[in-house]
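Q: In case you want the letters, here they are:
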Amino acid sequence: MANSVTDMAGDAPPAQPAPAKRAGRKLSPDVLGWLQAAPLSVVMIGFLLAPIVMIVIVSFWGATEFSIYPDFQLDNYAFLFGSEVTYRVFFATFKYAAITWALTLAIGFTVAYFLAFHVRSQTMQIALFLLCTIPFWTSNIIRMISWIPFLGRNGIANSTLIDWGLIDEPLEWLLYSDFSVILAFVHLYTLFMVVPIFNTMMRIDGSLLEAARDNGASGFQTLRHVILPLTKPGIMIGTIFVVTLVMGDFITVRFMSGSQRANVGRLISNDISLLQYPSAAATAVILLLTVLMVIGILLRFVNIRKEL
Amino acid sequence: MEKRPISFYVLAAFFCLFVLFLYGPTITIGILSFQGPQGGLTFPMRGVSVHWFRDLFQEQAVGDIWGAFRRSLGLGLMVMVTTVVVSVMAGLAFRKRFVGSGLLFYVAITSLVIPSILISLGIGLIFNQLGLKVHWATSGFGAQLTWTLPFGLLIMFAVFNRFDKSYEEAARDQGATSWQTIRHVVLPIIAPSLIGVALFGFTLSYDEFARTLLTAGSYNTLPLEVFGMTTNVTSPVIYALGTLTTLFSFAIIGVFLLGAWVMAKRRARLGSDAGKGV
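Going down the list, the protein sequences come from chains X and B.
Note that this note's numbering gives residue 38 to position 38 of the first sequence, counting from 1, and the numbers run on in steps of one.
Converting from the second sequence to this note's numbering requires adding 1000 to each position, the first position being numbered 1.
Rather than coming from a laboratory, the hints here were simulated on the basis of the structure.
Keep in mind that a hint or two might mislead.
Claimed, not checked - Listed next, with one range per pair, are the computed distances between beta-carbon atoms:
#: 1; chain 1: X; residue 1: 259; chain 2: B; residue 2: 1135; range: 36 to 42 Å
#: 2; chain 1: X; residue 1: 273; chain 2: B; residue 2: 1036; range: 52 to 58 Å
#: 3; chain 1: B; residue 1: 1024; chain 2: X; residue 2: 228; range: 28 to 34 Å
#: 4; chain 1: X; residue 1: 179; chain 2: B; residue 2: 1270; range: 50 to 56 Å
#: 5; chain 1: X; residue 1: 35; chain 2: B; residue 2: 1058; range: 18 to 24 Å
#: 6; chain 1: B; residue 1: 1255; chain 2: X; residue 2: 66; range: 44 to 50 Å
#: 7; chain 1: X; residue 1: 88; chain 2: B; residue 2: 1046; range: 30 to 36 Å
#: 8; chain 1: B; residue 1: 1265; chain 2: X; residue 2: 273; range: 50 to 56 Å
#: 9; chain 1: X; residue 1: 218; chain 2: B; residue 2: 1100; range: 48 to 54 Å
#: 10; chain 1: X; residue 1: 88; chain 2: B; residue 2: 1183; range: 57 to 63 Å
Claimed, not checked - If we take Cβ atoms under 10 Å as the criterion, some of the chain B residues that face chain X in the derived model are:
#: 11; residue: 1100
#: 12; residue: 1109
#: 13; residue: 1122
#: 14; residue: 1232
#: 15; residue: 1235
Said to hold, decoys possible - To spell it out: a stretch of chain X is covered by chain B in this simulated footprint if at least three of its residues, at any positions, have a beta carbon under 8 Å from a beta carbon of chain B; those stretches are:
#: 16; region: 28-35
#: 17; region: 268-274
All C-beta atoms, glycine included, are put in the ideal place defined by N, C-alpha and C.
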């Protein structure tokens, strides 16, 4: 890890040899850098690192029905690892992440490919790209709610299928099921794939594609052997977003499954609503470690700062 | 122009379906929010009316949504301004290497990928143990910054990766101090991108839910209020609210995009040096 940190730092644009500094302005680059980065650091320490430390500490505390008390006990972890529910819920979380990842990647790649290589005018490209990104700036909760008239027992999907004579009775699994949970995930998070993949595709040098064609590659061969490898960094960034958003989610699963399905986030939020903070904290620590491990693996394949 | 291959039409059709998938549900609740007074949560429409919109303006019918809207708006503006200022400063810092820059970068990425509920829970616990009251303008504000700042920072990276340093060098060669260089050269050049950072800051805050859940205290923000409604409101009034907030979001996005567009136009017309660096 230490090694990769230096690598990342090494990718920063090299400091320019400062030409003729005037007197009284001799701040060392470190001091200036820290002054400029101080506000960010303060927020990160106060509202990210301190909360994480607090969660780790509280995960060793004890709880009564109404309060929590400082202690050092491993009961919370023992209970967590001793319960069969934990494994089932973690498995469900990975399942949601894997399925959502595969679907968002397939859809996101196709959409980005169309935008980058088939839309010819740049104005059109920007307009269509904006069309894809605008929902990102609107409310996730409203977007979830808006599936209800589609998927409900008497919803649009069921009545249409019945009208067409494809089914006789309303399908029960459309809403409040794994299906609706994953549908909502795909609906909410495909943008996170489209944007980085489109971004890397736009940077592919057109002459490479021409060279491939001149050498007799078919469209598909160009896609498979030229575009796909060059798009990998974008795919990785999109993957990081989608996987972490799905693994950390608790609200989509609760809402779209009508509280009938569980993932780790819901396990934590249930404990919170029962005021069992130490147990929630222990689960949160394990979830965080899991997510960071997944990210650590993914970051091995991509250098985020270079790809922006 | 050469003839379009068949794959173009297949992909175009796919793209249209995708856009329909993205917007279809939102449009549906837009239509359903005009249900007649007897209408329910799904089709068919039983008449057309603005009944449910009128309901929104009667406080007791739906709780304190206007208070929630005001709080969300205020919080959004606070987060927006903070995000722009802090991101630009951090963006400038990261242009040079400083001790700990790699570490800080990883911390910012962690802030982006950490499950939101951890932020909520952790900040809630800290305030609780310190005997402080959680409030949307303190704990809620900090919690939202952990979500908006990494986005702002990533945008600043993208901006400075494309930044032509010769403008700065020219300014320095002509004797500008480093502050003058930033104030009169760097900031004007990156100004249009700051509109983007502001857009992220405002909208991500305005719609934020998970990180605000345990940190907003007794006064809800709008998304929290809406979520509360989903459990006890079973009439199209919730669609009316959804339609209104979505229209509000569209208007905000429109204003920001228009601002960026106008700025680009003005630059092109005035032929300012600054515009060419973007």
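Q: Each hint: holds or not?
A: Now for the hints, and whether the structure bears them out:
1. X:259 to B:1135: 36 to 42 Å: 29 Å, violated
2. X:273 to B:1036: 52 to 58 Å: Violated, since residue 273 of chain X and residue 1036 of chain B (Cβ atoms, about 37 Å apart) do not stay within the stated range.
3. B:1024 to X:228: 28 to 34 Å: With Cβ atoms ~30 Å apart, the hint holds.
4. X:179 to B:1270: 50 to 56 Å: 55 Å, holds
5. X:35 to B:1058: 18 to 24 Å: 52 Å, violated
6. B:1255 to X:66: 44 to 50 Å: 48 Å, holds
7. X:88 to B:1046: 30 to 36 Å: 44 Å, violated
8. B:1265 to X:273: 50 to 56 Å: 52 Å, holds
9. X:218 to B:1100: 48 to 54 Å: 50 Å, holds
10. X:88 to B:1183: 57 to 63 Å: Holds, since residue 88 of chain X and residue 1183 of chain B (Cβ atoms, about 58 Å apart) stay within the stated range.
11. 1100: 8 Å, holds
12. 1109: Given a least distance of 7 Å, the restraint on residue 1109 of chain B holds.
13. 1122: 2 Å, holds
14. 1232: Where the cut-off is 10 Å and the nearest Cβ of chain X is about 14 Å from residue 1232 of chain B, the hint is violated.
15. 1235: 12 Å, violated
16. 28-35: It holds, with 6 qualifying residues against the three required.
17. 268-274: Per the Cβ count (3), the hint holds.
Comparing the model with each earlier hint shows violations of hints 1, 2, 5, 7, 14 and 15; every other hint is respected.
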